[in-house]
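Student: Please take these sequences and the hints and turn them into a complete structure.
The lines below spell out each chain.
There are 2 protein chains.
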Amino acid sequence: MNISGEAIIGGVHERGAAGSFKAWDPTRRDYLEPSFHMVSPDQIDRACTLAGEAFDIFRKTSDQQRAQFLDTVAEQILALGDELIERAMAESGLPRARLEGERGRTCGQLRMFAELLREGSWVDARMDTPLPERTPPRPDLRYKLIGVGPVAVFAASNFPLAFSVAGGDTASAFAAGCPVVLKAHSAHPGTSELVARAVVKAVQLCGLPAGVFALLTGTGNGIGQALVGHPAIQAVGFTGSRSGGTALMAVAAARKQPIPVYAEMSSINPLFIMPQALATRATEIGKGFAASLTMGVGQFCTNPGLVLAVDGPGLEQFCAAASQALAETQAGVMLTQGIAESYRKSVDTLHGHETVTTLARIEHEEGKGGAALFRTSAEHFLTRHELHAEVFGPASVLVVCKDVGELRQVTELLEGQLTATLQIDPADYDAAELLLPALERKVGRILANGFPTGVEVSSAMVHGGPFPATADGRSTSVGTAAIERFLRPVCYQNLPQRLLPAALRDGNPLGIWRRKDGALTKE
Amino acid sequence: MNISGEAIIGGVHERGAAGSFKAWDPTRRDYLEPSFHMVSPDQIDRACTLAGEAFDIFRKTSDQQRAQFLDTVAEQILALGDELIERAMAESGLPRARLEGERGRTCGQLRMFAELLREGSWVDARMDTPLPERTPPRPDLRYKLIGVGPVAVFAASNFPLAFSVAGGDTASAFAAGCPVVLKAHSAHPGTSELVARAVVKAVQLCGLPAGVFALLTGTGNGIGQALVGHPAIQAVGFTGSRSGGTALMAVAAARKQPIPVYAEMSSINPLFIMPQALATRATEIGKGFAASLTMGVGQFCTNPGLVLAVDGPGLEQFCAAASQALAETQAGVMLTQGIAESYRKSVDTLHGHETVTTLARIEHEEGKGGAALFRTSAEHFLTRHELHAEVFGPASVLVVCKDVGELRQVTELLEGQLTATLQIDPADYDAAELLLPALERKVGRILANGFPTGVEVSSAMVHGGPFPATADGRSTSVGTAAIERFLRPVCYQNLPQRLLPAALRDGNPLGIWRRKDGALTKE
Chain F
1 MNISGEAIIG GVHERGAAGS FKAWDPTRRD YLEPSFHMVS PDQIDRACTL AGEAFDIFRK
61 TSDQQRAQFL DTVAEQILAL GDELIERAMA ESGLPRARLE GERGRTCGQL RMFAELLREG
121 SWVDARMDTP LPERTPPRPD LRYKLIGVGP VAVFAASNFP LAFSVAGGDT ASAFAAGCPV
181 VLKAHSAHPG TSELVARAVV KAVQLCGLPA GVFALLTGTG NGIGQALVGH PAIQAVGFTG
241 SRSGGTALMA VAAARKQPIP VYAEMSSINP LFIMPQALAT RATEIGKGFA ASLTMGVGQF
301 CTNPGLVLAV DGPGLEQFCA AASQALAETQ AGVMLTQGIA ESYRKSVDTL HGHETVTTLA
361 RIEHEEGKGG AALFRTSAEH FLTRHELHAE VFGPASVLVV CKDVGELRQV TELLEGQLTA
421 TLQIDPADYD AAELLLPALE RKVGRILANG FPTGVEVSSA MVHGGPFPAT ADGRSTSVGT
481 AAIERFLRPV CYQNLPQRLL PAALRDGNPL GIWRRKDGAL TKE
Chain E
1 MNISGEAIIG GVHERGAAGS FKAWDPTRRD YLEPSFHMVS PDQIDRACTL AGEAFDIFRK
61 TSDQQRAQFL DTVAEQILAL GDELIERAMA ESGLPRARLE GERGRTCGQL RMFAELLREG
121 SWVDARMDTP LPERTPPRPD LRYKLIGVGP VAVFAASNFP LAFSVAGGDT ASAFAAGCPV
181 VLKAHSAHPG TSELVARAVV KAVQLCGLPA GVFALLTGTG NGIGQALVGH PAIQAVGFTG
241 SRSGGTALMA VAAARKQPIP VYAEMSSINP LFIMPQALAT RATEIGKGFA ASLTMGVGQF
301 CTNPGLVLAV DGPGLEQFCA AASQALAETQ AGVMLTQGIA ESYRKSVDTL HGHETVTTLA
361 RIEHEEGKGG AALFRTSAEH FLTRHELHAE VFGPASVLVV CKDVGELRQV TELLEGQLTA
421 TLQIDPADYD AAELLLPALE RKVGRILANG FPTGVEVSSA MVHGGPFPAT ADGRSTSVGT
481 AAIERFLRPV CYQNLPQRLL PAALRDGNPL GIWRRKDGAL TKE
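So the sequence lines, in the order shown, correspond to chains F and E.
Going by the numbering used here, the first residue of the first sequence is number 1, and it counts up by one from there.
Going by the numbering used here, the first residue of the second sequence is number 1, and it counts up by one from there.
If you're looking for bench data, these hints aren't it; they were derived computationally from the structure.
Check each hint, because a few of them may be wrong.
Intra- or inter-copy, both count: the list cannot distinguish identical chains.
Taking lysine-lysine and the DSS-like style, the derived pairs with C-alpha atoms no more than 30 Å apart in a straight line are [claimed, not checked]:
hint : residue 1 : residue 2
1    : 60        : 201
2    : 60        : 345
3    : 256       : 345
4    : 60        : 516
5    : 345       : 201
6    : 345       : 522
7    : 60        : 522
8    : 60        : 402
9    : 201       : 256
Tutor: As structure tokens, this is what we get:
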């Protein structure tokens with residue numbers, strides 16, 4: 001399949017009208033063919049307008065139809081075959097096994113939402129029995145969730161399949177009945193085009209309106225701002241940097257009609273090594289931590305960028321084990337030139353920081369990132385805010401606390417996070433109980449005795465957390481609950497059966513769980 | 001009980017340190033004793049800080065304990081007896097029967113959330129079975145909702161009990177385990193103090209931390225801005241004007257950590273009279289509409305401020321019936337001087353508008369509002385945005401459309417609304433089906449053959465809608481779903497049983513509905 005370098009609007013390839021750019025192969029360190037063409041404001045407007053026009057038709061499809069559509073998207077992605085993997089390898093520098101796994105995850109996500117639709121209770125159907133004899137009479141009230149409208153999705157650089165064109169944001173928006181206008185990430189435009197073709201094929205095979213999906217190509221901030229500012233767009237999904245996410249939040253808040261932004265942005269994912277665990281498992285934890293830190297050259301949202309430990313038995317063994325494990329790693333190719341450069345600068349700043357000791361540091365190479373581990377005291381960490389910033393890559397800071405009290409103090413100072421991990425032995429449970437209330441307030445996922453990298457896609461996952469981990473701490477971007485981001489409730493009062501959505505009709509024709517006067521029933 | 005004119009912070013009455021004001025009796029047209037004292041920035045800070053400190057204790061109370069607390073608040077409000085009703089009558093100009101009904105509704109709301117807590121499934125508990133043999137192994141994942149943190153609640157003027165100190169926002173925040181810092185409305189400060197005393201008494205009787213509730217008194221915008229800007233505050237509930245709500249949205253978005261605002265602001269609640277209904281029931285609809293429009297001197301968020309009808313049989317009968325019914329009404333005392341003045345200006349503007357005919361207009365009197373009905377064409381309405389603005393009071397605009405196509409055109413132009421009402425006969429169902437998709441996109445509640453005033457408090461109610469009806473169209477401020485505004489999910493991965501919340505422990509000790517691998521179960 002030839003990559004055309006074109007956008008796809010209304011199901012039709014069309015050349016972007018505002019300049020061109022090329023993808024970069026970070027492994028070969030050279031540009032890739034062909035050129036990609038940047039969309040113009042008029043093209044953005046048309047994509048959004050078509051999405052708006054497609055919304056009423058798309059959201060009125062049955063859950064079975066949308067489930068079929070999601071399954072078809074997965075099938076069409078698999079049908080792209082090895083060409084997709086090869087292009088993604090070239091554009092991202094990620095290895096084959098990782099990308100094949102990621103493709104599996106991407107298709108798995110689409111199928112998970114298809115299953116959610118088939119189960120049907122995601123609409124949160126509610127019915128209150130009318131009480132005509134009461135004063136005043138209680139009307140017949142029925143409630144369900146519907147899609148919010150067209151969603152602008154911004155693809156991430158670090159998961160060119162699972163958080164990109166047909167990733168979790170797109171899958172959950174489609175499941176909710178929302179058309180998607182997709183801003184491709186300029187780091188993997190060819191991969192994006194291939195997946196977009198698979199989506200467009202699925203749209204056609206399922207007989208859906210072409211406006212259900214559009215692919216916009218380009219670089220810079222202008223496309224995103226025009227997209228989020230477009231009146232047809234009703235919500236935004238984004239995974240990327242804090243500066244990028246907060247810029248989109250500002251555009252969304254300044255609209256004539258403000259809209260919700262779900263931006264997954266920034267997290268340093270603190271790893272707490274509690275005293276007994278440190279005393280008994282320092283070496284094992286050190287090795288495990290180093291493996292988690294360097295996985296995928298540290299380019300995960302859940303990378304453990306902060307380690308918190310109480311000074312005492314095992315601390316030096318942990319430092320030695322982690323440092324040694326990191327010293328045995330090599331600098332790895334990073335996703336983009338910009339990421340590698342930004343990582344190098346951040347590591348150099350930490351290395352030269354007056355309050356910081358360098359425990360391990362792999363030399364940088366052009367376009368590659370080497371692991372690094374730094375050490376400082378809680379006293380310094382509490383006053384130096386620059387030590388709290390996310391470093392995107394395989395670098396982490398160990399903060400040594402005098403006691404559990406100081407550990408709590410540091411915890412209270414942390415910003416919102418995607419995850420917090422507790423290394424605990426049973427003798428640590430009392431201390432852990434002291435930390436847990438703060439962790440619940442600060443993070444979306446609390447782990448015990450594991451590492452934060454590796455995000456399960458399932459019903460009970462939360463990949464979210466208070467700002468700045470995400471723009472909206474009431475949400476998750478991974479797992480079935482991600483659909484809730486793109487839903488809003490509508491109540492129907494005394495509507496005749498014929499005008500009610502099927503999910504709310506008498507006799508429960510869809511056979512789903514519903515709430516009758518507050519109580520769950522399938523009657 | 002003497003009204004002290006003081007704020008209540010940490011359970012203790014304290015005199016506001018920043019000037020004083022008095023309540024106004026709109027019926028007697030005179031100030032009421034005593035003076036109320038405005039809180040200073042330091043007092044606001046202390047109230048918020050105490051709320052932040054109380055949060056971890058309050059949210060860890062059991063559902064049974066918080067249910068008991070909500071029931072106790074209701075009991076303590078009833079124990080205030082007639083003094084509460086009399087003060088509320090004096091401050092609001094509302095009649096006794098209305099306020100007694102509103103007190104019943106307020107206590108009913110508190111008890112409804114108590115029942116929701118006792119049922120227990122509001123936490124949306126989820127568990128995914130670990131798969132240790134899988135590659136990679138699937139961890140043990142458990143998910144539940146927790147409170148977001150302290151909530152700033154702004155009381156409304158038009159429901160001095162049900163949308164005020166212990167109204168729906170406060171009840172739903174308490175149910176979610178969130179402390180409340182309440183900004184009293186300056187139109188009914190004495191009523192607010194009495195109800196606040198009831199809440200504080202309930203806090204004490206239930207042994208909760210005093211920071212769970214604070215009452216802030218004052219006038220102007222400064223208190224609200226300081227409150228919403230305070231770092232301890234994690235969400236905002238507001239009912240009031242569009243300008244007030246959007247000002248708070250701007251403060252919340254500009255915070256270092258942006259927070260969600262649930263502002264219920266502005267709605268003109270279109271009433272669609274479909275052709276067959278108009279032909280067969282014009283007089284009945286006209287009378288019912290007039291009664292809905294003038295109920296409570298039109299001071300309801302769901303007041304029908306816009307009527308849409310297709311020119312044809314029955315139109316003139318409707319106009320005659322509505323005009324005659326309105327002509328028989330008298331100007332009524334409005335809640336505040338400001339509301340009456342603003343209403344007078346808006347009605348005079350419509351009366352003098354070049355595209356508008358006046359069908360009925362009751363003369364204004366000082367502090368009172370008289371009903372008014374205006375008529376214009378869809379052609380004019382489509383181009384004159386000033387005709388779309390909410391007029392808070394018993395005034396409405398009839399927009400006559402040439403045909404159902406023009407009706408759709410007008411519908412598409414409308415801003416977000418709390419409600420839309422369809423007057424339909426079976427012969428109108430086809431036409432209604434054409435309108436419904438747009439209505440679902442634009443409004444929170446769709447009614448057939450009733451009138452929008454009168455909002456049931458129940459499981460299936462939506463009192464919300466897309467901006468500007470509310471700040472966040474994904475929410476309702478009435479009914480059990482209102483609790484969702486103040487919740488966020490947390491995931492627990494591989495946590496030992498002892499460290500898990502009771503709702504997520506093995507064996508389902510709370511006996512609640514949970515999702516096991518996505519499927520609802522009580523096992």
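Student: Compare the structure with the hints numbered earlier in the document and write down the numbers of the violated ones, lowest to highest.
Tutor: The structure breaks hints 2, 5, 6 and 9; every other hint is satisfied.
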